[in-house]
Amino acid sequence: MTTVLDRIHQLGFSLPTPPNPVATYIPTIFCGNVLLTSGQIPMVDGELKYKGSVPSVQPIEAAIRAAEICGLNALAVASAALDGNLERISRVVQLRVYVASDLGFTDQSLVANGVSDMMVAIFGEAGRHVRVALGSIGLPLGATVEVEAAFEVHDS
Amino acid sequence: MTTVLDRIHQLGFSLPTPPNPVATYIPTIFCGNVLLTSGQIPMVDGELKYKGSVPSVQPIEAAIRAAEICGLNALAVASAALDGNLERISRVVQLRVYVASDLGFTDQSLVANGVSDMMVAIFGEAGRHVRVALGSIGLPLGATVEVEAAFEVHDS
Amino acid sequence: MTTVLDRIHQLGFSLPTPPNPVATYIPTIFCGNVLLTSGQIPMVDGELKYKGSVPSVQPIEAAIRAAEICGLNALAVASAALDGNLERISRVVQLRVYVASDLGFTDQSLVANGVSDMMVAIFGEAGRHVRVALGSIGLPLGATVEVEAAFEVHDS
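Residue numbers (the working numbering), protein chains in the order written: chain A, 1 to 156; chain B, 1 to 156; chain C, 1 to 156.
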């Protein structure tokens with residue numbers, strides 16, 4: 001059987017180490033059978049890989065990569081909450097995608113497709129979610145993209 | 001009996017054709033008995049009717065109309081998910097209203113009242129919801145307003 | 001026994017009078033056993049105490065205070081929905097913190113820590129929540145910070 005982790009690797013992605021909590025908030029919480037994540041930024045190995053707004057500092061293509069990394073971090077913190085068993089995710093319910101935007105930038109949807117398409121590539125039909133994408137004047141630490149996710153989870 | 005659709009028409013509104021999904025995300029999802037919508041922008045017949053920020057490009061009055069259209073699109077996608085039976089909506093739970101704003105614009109609440117007031121006009125007390133309104137530096141496709149909605153739904 | 005209200009007072013805070021609804025939306029709604037609040041701004045006794053963006057108008061320290069007040073208002077409206085019995089809050093589930101930001105401001109997390117740290121100080125481990133913090137080009141009435149909260153509630 002192909003696992004979720006297999007599909008992540010087949011797509012050329014890898015699950016990052018979940019970032020350590022840096023404040024009093026926590027990376028995930030269960031609300032009934034829904035696992036909510038805190039806002040994820042494109043951290044890789046403790047370093048923020050994509051900083052600055054689109055398109056003056058980061059071109060759209062880079063922002064799409066940033067959105068993918070945010071999504072991988074959401075999966076990484078979900079995995080930690082699920083004892084490493086991503087098979088327990090029965091559905092991606094919702095993604096909110098915030099894009100650090102220059103005045104006049106209106107392609108937030110293209111950026112958000114980075115993480116939306118990745119979730120569908122990984123989870124198939126169960127990866128199809130509702131989504132909100134919008135521009136932000138500035139994101140934590142200067143991140144290019146921030147993503148929050150809600151996953152539906154079944155018992156192991 | 002006056003249906004929800006009757007009330008929509010009596011108020012001078014009409015339910016648009018739900019916009020076709022343009023990406024891998026979907027317009028609505030059930031999360032238990034709550035129907036969540038993706039972010040809705042003021043599309044009418046496949047055309048974005050209100051573009052640009054408030055108030056430099058769109059005056060507040062236009063933005064209020066834009067918010068109404070976003071709300072009607074939320075009802076349209078909900079209707080599609082409910083086989084056309086909007087009577088199954090037992091409550092409007094939550095609206096998030098994002099307003100494309102110029103620097104210094106602080107009347108996001110007035111704009112959001114467009115969709116809040118409309119929901120109460122349509123659903124009466126069951127239309128009273130919690131709400132978040134905020135300014136955005138830029139919304140998808142240059143939309144003036146974006147609205148996401150959560151409806152509580154009972155069995156048909 | 002130390003009540004939630006005791007801890008609020010011990011920390012030097014006090015619960016404000018919940019702001020009256022100024023539009024057709026409502027301050028809180030139950031969604032199952034989760035109590036959702038509308039976006040709260042730093043109103044004290046009917047007056048908006050912190051206006052303007054960070055850091056040009058409000059330094060970070062002031063914005064942290066503003067975030068605390070938003071959190072206290074969220075608790076005030078929750079208290080009103082719970083007949084004054086804040087002991088019914090079993091967990092702080094989620095906070096979304098919107099910070100009115102100048103171009104180039106990227107310390108939204110520091111501002112959001114104001115309300116996150118306060119919730120943990122009040123509720124202990126049960127106060128640890130998932131969080132999203134982001135910059136906004138402009139918030140209702142010119143507020144410096146806006147916070148929406150979700151509390152898990154048990155029967156009295």
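Check before you lean on any hint, since a few could be wrong.
[Unchecked claim] Below, a list of computed lysine-lysine pairs in the BS3-like style, where the Cα atoms sit at most 30 Å apart: (1) A:LYS49 / B:LYS49; (2) C:LYS51 / B:LYS51; (3) A:LYS51 / C:LYS51.
Hints listed in this document are in silico derivations from the structure and should not be mistaken for laboratory results.
Hints, one by one, checked against the model:
no.: 1; hint: A:LYS49 / B:LYS49; in the structure: violated (37 Å)
no.: 2; hint: C:LYS51 / B:LYS51; in the structure: holds (28 Å)
no.: 3; hint: A:LYS51 / C:LYS51; in the structure: holds (28 Å)
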